Amino acid sequence: MRYRHMLAAAAAVALGAGHAPAQSIAQLVSGAGDGLIQLRFASRPGVCGDGRGMIAGGDHMMLGDGGWSDGSGGWRRRCQPGPVRVVLQKTNGAIERVSSFIGGNDSSADVHDLGTVSAPEAATYLLGLARDAAHTVGNGAVVGAILADSAAPWPALAEVARDAHSHETRQDAAFWLGQAAAARIKGTTLFGDRGDETPSDDEEVRGEAIFALSQQPRDESVPALISVARTNRDPMLRGKALFWLGQSGDPRAIDLFSQILAGAQR
Amino acid sequence: MIPFDRVTRAAWVGAAALVLLGVPTARAQSIADRLRGASGDVEIRFASRPGVCGDGEGSMSFRRPERSDDHSDWNCEPGPVRVRLTVHDGSVQAIHTLVGTRHRPIQGLTDLGAVGDRDAVQYFLSLARTADVPVAREAVTPAALADSSTIAPELLALANERARPIEVRKSALFWAGEVDEGDVSAAVQRIVGDSTDDRRLREQAVFVLSQLPDGAGIPALIRVARSSAEPWLAAKATFWLGQSDDPRASQTLRELVTNGNVPDEVKGQAVFVLGQHDAPEDQAFLRRQFDSLGSTKLQDRVLMGVAQHGGADAKAWLSGIVTDSARPVDLRKRALFWWAGQSDALTTSELSALYDRLQGDAMRRQVIFVLSQRDDSLATDALMRIARSDPDHDLRKQAMFWLGQKNDPRVAKFLTDILEH
Numbered sequence: 001m002r003y004r005h006m007l008a009a010a011a012a013v014a015l016g017a018g019h020a021p022a023q024s025i026a027q028l029v030s031g032a033g034d035g036l037i038q039l040r041f042a043s044r045p046g047v048c049g050d051g052r053g054m055i056a057g058g059d060h061m062m063l064g065d066g067g068w069s070d071g072s073g074g075w076r077r078r079c080q081p082g083p084v085r086v087v088l089q090k091t092n093g094a095i096e097r098v099s100s101f102i103g104g105n106d107s108s109a110d111v112h113d114l115g116t117v118s119a120p121e122a123a124t125y126l127l128g129l130a131r132d133a134a135h136t137v138g139n140g141a142v143v144g145a146i147l148a149d150s151a152a153p154w155p156a157l158a159e160v161a162r163d164a165h166s167h168e169t170r171q172d173a174a175f176w177l178g179q180a181a182a183a184r185i186k187g188t189t190l191f192g193d194r195g196d197e198t199p200s201d202d203e204e205v206r207g208e209a210i211f212a213l214s215q216q217p218r219d220e221s222v223p224a225l226i227s228v229a230r231t232n233r234d235p236m237l238r239g240k241a242l243f244w245l246g247q248s249g250d251p252r253a254i255d256l257f258s259q260i261l262a263g264a265q266r
Numbered sequence: 001m002i003p004f005d006r007v008t009r010a011a012w013v014g015a016a017a018l019v020l021l022g023v024p025t026a027r028a029q030s031i032a033d034r035l036r037g038a039s040g041d042v043e044i045r046f047a048s049r050p051g052v053c054g055d056g057e058g059s060m061s062f063r064r065p066e067r068s069d070d071h072s073d074w075n076c077e078p079g080p081v082r083v084r085l086t087v088h089d090g091s092v093q094a095i096h097t098l099v100g101t102r103h104r105p106i107q108g109l110t111d112l113g114a115v116g117d118r119d120a121v122q123y124f125l126s127l128a129r130t131a132d133v134p135v136a137r138e139a140v141t142p143a144a145l146a147d148s149s150t151i152a153p154e155l156l157a158l159a160n161e162r163a164r165p166i167e168v169r170k171s172a173l174f175w176a177g178e179v180d181e182g183d184v185s186a187a188v189q190r191i192v193g194d195s196t197d198d199r200r201l202r203e204q205a206v207f208v209l210s211q212l213p214d215g216a217g218i219p220a221l222i223r224v225a226r227s228s229a230e231p232w233l234a235a236k237a238t239f240w241l242g243q244s245d246d247p248r249a250s251q252t253l254r255e256l257v258t259n260g261n262v263p264d265e266v267k268g269q270a271v272f273v274l275g276q277h278d279a280p281e282d283q284a285f286l287r288r289q290f291d292s293l294g295s296t297k298l299q300d301r302v303l304m305g306v307a308q309h310g311g312a313d314a315k316a317w318l319s320g321i322v323t324d325s326a327r328p329v330d331l332r333k334r335a336l337f338w339w340a341g342q343s344d345a346l347t348t349s350e351l352s353a354l355y356d357r358l359q360g361d362a363m364r365r366q367v368i369f370v371l372s373q374r375d376d377s378l379a380t381d382a383l384m385r386i387a388r389s390d391p392d393h394d395l396r397k398q399a400m401f402w403l404g405q406k407n408d409p410r411v412a413k414f415l416t417d418i419l420e421h
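Top line first, the protein sequences correspond to chains E and L.
Under this note's numbering, think of the first position of the first sequence as 1, with each following residue one higher.
Under this note's numbering, think of the first position of the second sequence as 1, with each following residue one higher.
With the rest of the complex left out, here is chain L (with noise of 0.2 Å):
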């Protein structure tokens, strides 16, 4: 009988023989070569990197934040990366990523175990270069996820590469940013400027700015915003700096609203942004430029953002709006219109209110309008007492008309009322 500490010995030094053994059988045996002949939905699994959880069905997570006060139900599993194979003949015809142990039982999938996560990354990459469109561009997730490499180059190379399709070199250009594998800013940006390239390309590539860790394509971003000779392309690249809590970005925001030489088109994109700021001095900053924008649609979307923002000072410039006689109408409606459209920050009181404070027809037949456009039961109790008693048979028609588009029992027999007397 051999002694207990031998036996234990002897299992250590066959388990590390196993492993020194079996890593290099399985490497032997390349994905490639386990798929070849293969038909049917296979299965292999492998180490994820850090960072990568999921919940084993098809939700992932990636650098995904700890927070506190996270109370969801889901349960981000730290890995492996699972990766189900659709096989034709020793051809993939599919590819779905999964991330975690847990998943239901899948009938005919044969699952064809563990494989090394260098060999997953020169597989699944090789696979993005060569293959068609929907396995190519679903390849290069497993690559990126697997464990113990290092592919932010070799990803940026194929989203370099023009004879690719585009959604291919889309994903590759994102991947580059989030395996966060250093900074990769420099060459996102000269795709950013490479006008000779795809633009669906330079769009995701100012998106990937956005997203690289600790703000480390703010500057590019605001770079792009402030200067690209392309409009649209300094017009997306306002939009993700307004997506960014970086306070570079709002200070680049406001500077591009009060510049004259800004193309409206990007100021228009910094005017959206910064009205969907929760921050009070952003919309006080919108406030204050209202006046000083000219165009319309700038206008507009000033409006449309302080009034979806609300609060006290937003009710109390947009009503400063409505009710100045000395702007011009058109103005006053559309203010009505943004404001009116948040019926917390105006009830159907107010507005009714409103209507009777309110001179000259057009902006009483936009507060019609506006009361027809509400579901409460005072609205039609407003519509009401327009249609029966405004000295304007003009309003009172207009009240009539939505008042017959009104789903409201009181409707019918008010106006028979009305038809009777």
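Isolated chain E, as found in the complex (with noise of 0.2 Å):
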């Protein structure tokens, strides 16, 4: 079953990838009237959704629009892999919301379907949409943005976790920066691994010991964080670092993000 989901997102890809070339995402948004605009692209290995808000894909889960979780795990079960599915709603020519989803359709009449387009350019297109706007529209842009295959978002992540004009946007976007430097500290992927190894006391401790620190007035806690992210040997005391420091939204912590993802491909 999901194999044969990713087969048709693939052959997706293929197809969308192969009908546009000649007119940018942000042209054909531009060229749609005002309304809901749909577009599809790949997601990245290990995402699933309901087709309404809920996402997930390795330890995260997330509830947007229309999304639910019963809290008794049912919610694995309605999950299924598919592709990224970005809703624009668009008032006198602009953009005032981004809901994204994985699977799922929105066949409503007055969806202006964009058919299927490639995921680094979505990514792209999506993140220039977050920079400026308000955050009903960069919470659901930085959203659609991580979850797109093929990208590597960093940089334009981190120009979003910097300058954003929306405070809620930059910090959504340091969160994903954290937790994608986090992945690659620890070898994983940003959704495709679960962490299911159980942590030593030690480590609990420890772990705590990180979280505390991140309470501490951020003169302080910052550098701190830094230094365990940076020279810890144990990488999941480096990851919790990472992910305190994700919350933060520090500029230095953006700058190791930056440093820890430089090069990275996906």
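Rather than coming from a laboratory, the hints here were simulated on the basis of the structure.
Note that the structure is a prediction, hence the values are computed from the model and not measured.
Just so it is clear, CB atoms sit at the ideal spot from N, CA and C, and this is done for glycine as well.
Just so you know, not all the hints are guaranteed correct.
Here are the simulated EDC-like pairs of lysine to aspartate or glutamate, each with C-alpha atoms no more than 20 Å apart in a straight line [what the hints assert, rightly or not]:
hint	chain 1	residue 1	chain 2	residue 2
1	E	K186	L	E420
2	L	K413	E	E220
3	L	K413	E	E203
Here are some of the chain E residues that sit facing chain L, going by a computed Cβ distance under 7 Å [what the hints assert, rightly or not]:
hint	residue
4	D201
5	Q216
6	L261
Distance ranges between label pairs, derived from CB positions [unchecked claim]:
hint	chain 1	residue 1	chain 2	residue 2	range
7	E	D59	L	N407	27 to 37 Å
8	E	A152	L	E350	53 to 63 Å
9	E	E96	L	P263	54 to 64 Å
10	E	A152	L	P328	55 to 65 Å
11	L	R200	E	P251	55 to 65 Å
Two independent chains are provided; combine them into the complex using the hints.
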């Protein structure tokens, strides 16, 4: 079942990429009228969703528009691989909201469907949107960008983390940069691997120490966490330090993420 | 030339005539007449009843006890009552009552001078009976403060006028008790006991009983606390009994605690107010009753009262509960919570030593939490010691978590050391 979906997604990417080489996504969106605009692109390996707001992969689960979880783990049954589906809400020529999904379809008559587009192009387009817009756009755009397959959006995401108009969008971007950096440190992928290993008692205590450190005043916590992230022997602890650095949104943390992710292909 | 004695005599006669003529003249032009057509802020003044004093600005006192140890700067001047009225086209919009002569000059204030105190009483009572709430409520006070009048019956009548706003009725009832014109406890009791009347007025009546001079309302309060069929009312009476120094009150409170038929709401109030008493015998009584109270809520009130009261006996008793492993952990945790809430009753060093003495995670967790709530550096020391060396890694984690919430420059270094080694 999963394999069939992935094949379908791969076929769609291949077809989509071949269909619209002449016009950029920005041009396609610009050419569409006001209303809902839908586009699809390939998702990173390990990502699944319910076609509505729930998206999961690896250790992550997001509940966006219409997403839900009954807390019993039933969401895993509903979580199916599929392409990223992004829906843009355009009003008076401006994008006012971006929502990202895995799978599903909005077949309403008033939806302008752009079909399947290149994932790296989509990531670039979405991060461009995220930089200058309100968080109603930035939130969905950042999520859509980091879900895009074959994309290494980290430099552009770092720019969003530093300079985006919306504080919340900067926080979102910093969070995902931290996650990507932690995955790289641990030698895993952003959504493909679940951290199933049980930490030792000592690791748990040290993990708590990292959290405690993150709660200290920023001038003390950020350099200390950066030091842990750079030099600690335990990748799990380095990953935790990166996680809390991502929560801080501090420019020094963004620099560290960029260094860790420099040259990353995905 | 008129001889000197004749001048003096004439002057006295003139003054007498002035008094005789002047007073009727002022009365002839009543306060209402003077205010008719007026606009703006005006002030009238009249004699205050004995025992009333004020600083001329807004603080006032009534039936203030003479105290030789009162060294406050407050100079309480006995009268007159000065009432500032904001008037618009003859209609009173606001009333502000002051006592004393000292005051800052107010620009635009028209001084209408002295008025007769009986005229003042009738005028302000009339406002209280007929005006809208803010004015009517504020009108009761100057009426009550005016000299040479017996006003309690009229105030009680106003308090019983159900058509009048509750704020006015409450104010009238309050002043009926305050003016000390004889025993009004029977009339106030009737209001307390009238279940058809507004609950707010009945609450006020309970309060008024507690304020009557010479403990005149204490027997009535005791009756209500012991036997009212309405627990909320009995609880109110109990609360106000607890504020009294009357020995009958303390005795009643203890009976309420030990009587198994008393509703929890009333018993809880009795425990609470006894807990606030400094008398060693009341504190000892609560400690003795603790185990027989049964309810967690009642026991918490004892713990709180004993902890707040402090002292060697309280410390020994609380320590006994906290360290008694035969008692439920939840009870011991609550005892520690209340005890440690008074930092002078349980120092941080003692708390740290207690951690080492206590058996079981739950109690140690509670100590860690209590340490986390203290701001002194000894508390941070204790948390760092636990985080570094406690054999239980869950307790170390908890200490670590709370260290993260501390604003102490040593914490970041401590945590970094932990991570590096």
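Against the structure, test the hints numbered earlier, and report the numbers of the ones violated in rising order. Those not satisfied come down to hint 6.
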